[in-house]
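Chemist: The primary structure of each chain is shown beneath.
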Amino acid sequence: MFLNIDYQNLMTSLRVKNISKKYDKVQAISDISFNAEKGELFGLIGPDGAGKTTIFRILTTLILPDNGEVFFENLDIIKDFKKIRQITGYMPGKYSLYQDLTVEENLNFFAAVFGVKVEDNYYLIKEIYEHIAPFKKRLAGKLSGGMKQKLALCCALIHKPQILILDEPTTGVDAVSRKEFWEMLQKLKTQNITILVSTPYMDEAALCNRVALIQKGKILDIDTPENIISKFQHKLISVKSFDKQKLIKDLRSYEFSNSVFAFGESIHYTDKRQKTDVKEIVEYLINKNHKEIKVEEIKPNIEDCFMDLMKK
Amino acid sequence: MNFIQKEFRHILRDTRTLIIMFGIPIVQILLFGYVISTEVKNAGIAILDLSKDQATIKITEKLTASGYFKIIKNLNSFDEIEEAFKQGNVKEVVIFEINFDKNLENFNSANVQLIADATDANTANIIVFYTSSIIQNYVNEQNKTIKMPFEIKIDERMLYNEELKSSFMFVPGIMAIILMLISAMMTSISIAREKELGTMEVLLVSPLKPVQIILGKVTPYFILSLINAVSILAVGYFVFDVPVTGSLILLMAETMLFILLALSLGIFISTVAKTQQFAMMLSMFALMLPTMLLSGFVFPIENMPVWLQVICQVMPPKWFIIIIRNIMLKGTGLLYIWKETLILFIFTAFFILLSVKKFKIRLE
Chain A
0 MFLNIDYQNL
10 MTSLRVKNIS
20 KKYDKVQAIS
30 DISFNAEKGE
40 LFGLIGPDGA
50 GKTTIFRILT
60 TLILPDNGEV
70 FFENLDIIKD
80 FKKIRQITGY
90 MPGKYSLYQD
100 LTVEENLNFF
110 AAVFGVKVED
120 NYYLIKEIYE
130 HIAPFKKRLA
140 GKLSGGMKQK
150 LALCCALIHK
160 PQILILDEPT
170 TGVDAVSRKE
180 FWEMLQKLKT
190 QNITILVSTP
200 YMDEAALCNR
210 VALIQKGKIL
220 DIDTPENIIS
230 KFQHKLISVK
240 SFDKQKLIKD
250 LRSYEFSNSV
260 FAFGESIHYT
270 DKRQKTDVKE
280 IVEYLINKNH
290 KEIKVEEIKP
300 NIEDCFMDLM
310 KK
Chain B
0 MNFIQKEFRH
10 ILRDTRTLII
20 MFGIPIVQIL
30 LFGYVISTEV
40 KNAGIAILDL
50 SKDQATIKIT
60 EKLTASGYFK
70 IIKNLNSFDE
80 IEEAFKQGNV
90 KEVVIFEINF
100 DKNLENFNSA
110 NVQLIADATD
120 ANTANIIVFY
130 TSSIIQNYVN
140 EQNKTIKMPF
150 EIKIDERMLY
160 NEELKSSFMF
170 VPGIMAIILM
180 LISAMMTSIS
190 IAREKELGTM
200 EVLLVSPLKP
210 VQIILGKVTP
220 YFILSLINAV
230 SILAVGYFVF
240 DVPVTGSLIL
250 LMAETMLFIL
260 LALSLGIFIS
270 TVAKTQQFAM
280 MLSMFALMLP
290 TMLLSGFVFP
300 IENMPVWLQV
310 ICQVMPPKWF
320 IIIIRNIMLK
330 GTGLLYIWKE
340 TLILFIFTAF
350 FILLSVKKFK
360 IRLE
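Protein chains in written order, with numbering that gives the first Met the number 0: chain A, 0 to 311; chain B, 0 to 363.
Treat the hints as calculated values from the structure; they're not laboratory data. Among the hints, erroneous ones may be present.
Said to hold, decoys possible - Computed list of lysine to any residue pairs in SDA-like fashion (alpha-carbon distance at most 25 Å, straight line):
id, chain 1, residue 1, chain 2, residue 2
1, A, Lys93, B, Phe21
2, A, Lys93, A, Leu206
3, B, Lys208, A, Thr52
4, A, Lys215, B, Arg361
As the list claims (entries may be wrong) - Partial selection, computed: residues in chain B whose CB lies under 8 Å from chain A:
id, residue
5, Asn1
6, Ile3
7, Glu6
8, Arg8
9, Leu362
A virtual CB, placed ideally from N, CA and C, is assigned to each residue, including glycine.
Pulled out of the complex, with its shape left as it was, chain A reads as follows (with noise of 0.2 Å):
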């Protein structure tokens, strides 16, 4: 038992306890601790506005938590800010590039501000700035989004930093980039970097090693995207029928009824009982007069998890 905990504790690099950060009269975020670990792929998953940018600044060294305590490897992220800063790659939510410079440009002065070379590193983003070194000298403006986020990981990463924290990166960007970008990011994991990355969208949560689930400024839940599957208690049933928006009214108003939610075509909804019966809800929908009734038992997802987390 011992063991085992002097042995995470040789693999943490991140640990954040207890951090509160309150703006004005708005509590951004409250209480929130977590690990990360060496090589850890570790996501924040919560919607606009649940804090993920307010706990990166906090890590960042941009802004003050009120209070806990942040401190990677042995640093404190307060009192030793500055060598936070030579090892942190940031990559805010909205690219920070300078649209007027170009590509290489771009990559250059960002080396030059953290004091490398771009060759001494290129190593490291070679790989991603293949994607874009045909466009080399464009203005960054000119990028597509796809392309500007890559440029921005690459600018992160080009001092080779041991902790990567990237803020919403995949907002904005079309699906075939946004799977190009989780693949990089696989990769880089091997590299011995600490990647920290947010995201709203909780498909991408799969994705990575452990998730912290976000809701108004507190963590709900953090584990492996699996575990956090299987922590989920109730049978989920899918339901389609041909008029989407009386479906949700019946069966919300079903007796039974647990959760119901939209999600895309279908509805998600659980039940009370321990033991659902899917025939009596097919009944109760035909009483209702719903045509083109589809019932079916499916596995949860991660955004299953979030809005049942979400109810407690």
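Fit chain B to the supplied structure of chain A, relying on the hints for placement.
Modeler: Structure of chain B alone, referenced to chain A:
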């Protein structure tokens, strides 16, 4: 170094910035220059010739021949002067004393009095200046042929604004305004832009020290402002014949000091302003307008109410304008302007300290 290079690229790639930096100074100086100088063409004058001799007729002819003046009236007595001015189109009355030519011959000296309508101070000043140079010109011509040199004493009087302040020399004022505009406004905007675009976040998270960021921001604008200052002086000198009587080196040194002051003001503004828009408005109202109105450039400070005069004392451009007016027009050395220089120096040190101190190493 890299930072400075990057900053230059920002400036050179943004046409809007370039126009503000180099277009406005040239346009302003030409505008001011021509608005003032065109009014002197065919200015209406009246002559009160009490001797009507060879010399006075010659001078009167020279005045009309110059093209600057048109004689509207010939007066016969002093009583008519007031009346002539009141009719409005007479800007200046030239009075030759009795026995003008005789006095010249006998005493080698004669008197001319120039009375100008100084309700329009700039014009009055220029007219008097031109008239006296024409008379002086006549004297020089005559002296070539005569053995005994003589002189004509010119007595200038400004009516309605006796203590006329020379805003005729607009170059010092323009310089103060342009340098304020370029240095303070442009730096504050460019720092605010980094905040707006989020790049400041990354710069802050980098190991760059605040001093490095500030220096990187300021250096390009310092160089460009200096180029501007030189071009303003050049346009003033070549287009409008505004002389630099004093030491050019001293003038440039004082200019650099003022640029430094303006830059530190710009940084100070940017520590307060979060957006480019706000930075611009703040520079406009807090710097530009006071520079124009309260520095003694357009309106003489002596004519202001006392409380406004007190405010004028803390306007850095005021001191700068005094300094360059002295160097350019009077040709004075550091000995006579060390007090003003010291004041500028204290301002500069104060704002640099304040802005470095206020420059946030974090976002809040």
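Chemist: If you test the structure against every hint from before, which numbers come out violated?
Modeler: 1, 6 and 7
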